[in-house]
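Work out the full structure: start from the sequences and follow the hints.
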Amino acid sequence: MTPSEYEFLKQFLKSRSGLVLSDEKQYLVESRLVPVTRRTGHKNLSALIADLGPRGSEELKNTVVEAMTTNESFFFRDKTPFDHFRKTMLPSMLTNRAGSKRVRIWCAAASTGQEPYSIGMCLQEDRGKTGGFRFEILGTDISSEVLEKARMGIYSQFEVQRGLPIQMLLKFFSQQGELWQVAPELRAMVQWRKLNLLQNFSHLGEFDIIFCRNVLIYFDQDTKRDILQRLAKQMPSDGFLVLGAAETVVGLTDAFEPVPDHRGLYRPRKSATTTRAPLGTTSPAQPAKGPVDPLNSPAFQKLRALRG
Amino acid sequence: MKHCLVVDDSSVIRKVARRILEDMDFSISEAEDGQQALDACKESMPDAILLDWNMPVMDGLEFLNKLREEEGGDVPLVVFCTTENDVAHIAKAIRAGANEYIMKPFDRDIIEAKFQEVGLI
Ligand SMILES: C[S@@+](CC[C@H](N)C(=O)[O-])C[C@H]1O[C@@H](n2cnc3c(N)ncnc32)[C@H](O)[C@@H]1O
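Keeping their order, the protein sequence lines are chains B and Y.
Under the numbering used here, the first sequence has 234 at position 234, and the numbering climbs by one with no breaks.
Under the numbering used here, the second sequence has 69 at position 69, and the numbering climbs by one with no breaks.
These are calculated hints, taken from the structure and not from any lab test.
Keep in mind that a hint or two might mislead.
As the list claims (entries may be wrong) - Straight-line Cα separation of at most 25 Å, DSS-like style, residue types lysine-lysine; simulated pairs:
(1) Y/K15 - B/K79
(2) Y/K92 - B/K171
(3) B/K171 - Y/K104
(4) B/K149 - Y/K104
To be verified - Here are some chain Y residues pointing at chain B (derived, C-beta under 7 Å):
(5) V12
(6) D23
(7) E100
Nothing here was measured: the structure is a model prediction, and the numbers come from that model.
Just so you know, even glycine gets a beta-carbon here, dropped at the ideal spot from N, CA and C.
Dropping the structure here:
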């Protein structure tokens, strides 16, 4: 692979999936794409890269994009997000959605499915409290290969031992030789769909809770900001956003604010002002007559209009 | 420093487990079968026990049943670690009072995950 081929590949990946590769990641590209050349019958990496140009097949391009994704995941990863889910997000939704009794949850980078299934298990564990409620869980990912695995819900002995308490294994899985499959009632709780976060996702509708974990880390600041801002538009003002342990909204967008004492948990910023006065300047006079109804505030109306 | 008793009739497994657990800041003692383990526990109860199932003299399940009857025997957190990997065995172990269950082969990640699960780390 020549430097200019590497440069081309970097730009290709950045524009297709958002993945940013630094200059010293050649080894990663080689370890991921050399096996692809064997499957596609290209004689080497250069030949493969040459086929990613404007006239290359979409299928090949997708194969390369998928091969470059990092799909590691495990059940109840980092634990705290799922504690937050049961102790904070779920109780809040049970109160706020007492009318519609419908809660929509989206795992925006679901990979092989451990995250949505972990949420499903939390819901099953709390079944006693959620009577009459309907929960929709949607898992999306850019890679069809991981989604296929997620849909089957079949995991190796190694995978079911990282993060999954043994009681949960007994309760929610059935054994198939050395493999373990998620029980049908849990599988039925989750829907799967291929989706690239770089592309428009407004057609998915509004979600009360969005898990978007361990995917933004692969993107540059502008891409992160863009995705976060579009996520905010898919969310009611009392919704929740969950990010990965190494991710934050701080310094990227005002659309979300951290929930105090809940690492990795964010809510749409209530006073979402689209234009903030720069520091040190005096803001235009506020019509501060008594309490302002936030639902009638100009900022909110503007937000409304923006969200359509 | 927390103390973990590693019970396995294979010296290789004991060595591997010891290395992992020492890196996790546990002090370690070893036993080759259930009887040795029970004797060790009667002397002083460890915080954790990593327990094989199939062993000569006394197997892991019998040891666990006897341990839980001992005074103070409800204290140690017991993590089975065995090649027995079917639902029937797992369920039996849990009913006998095991806190977690590892299906061999195991690695560092699995031991860490399971010890975290029961609150040992
Ligand atoms: C490390 S996994 C995270 C899985 C899970 N959320 C977790 O935290 O365990 C990252 C996933 O993001 C997916 N991904 C990468 N770029 C994407 C994009 N542009 N749109 C949607 N998914 C993407 C990858 O295919 C991969 O499955």
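Each hint, compared with the structure:
Taking the CA atoms of Y/K15 and B/K79, the gap is about 30 Å. The hint is violated against a cut of 25 Å. With a C-alpha separation of about 14 Å, the suggested pairing of Y/K92 with B/K171 holds against the 25 Å cut-off. Straight-line distance between C-alpha atoms of B/K171 and Y/K104 comes to about 20 Å, which keeps the hinted pair within the 25 Å bound. Proposed proximity of B/K149 and Y/K104 is supported: the alpha carbons are some 24 Å apart, at most 25 Å.
Against a cut-off of 7 Å between C-beta atoms, the interface hint on Y/V12 is violated, since the closest Cβ of chain B lies about 20 Å away. Taking 7 Å as the C-beta cut-off, the interface hint given for Y/D23 is violated, the closest approach to chain B being about 18 Å. For Y/E100, the interface hint holds, the least distance from its beta-carbon to any beta-carbon of chain B being 5 Å, beneath 7 Å.
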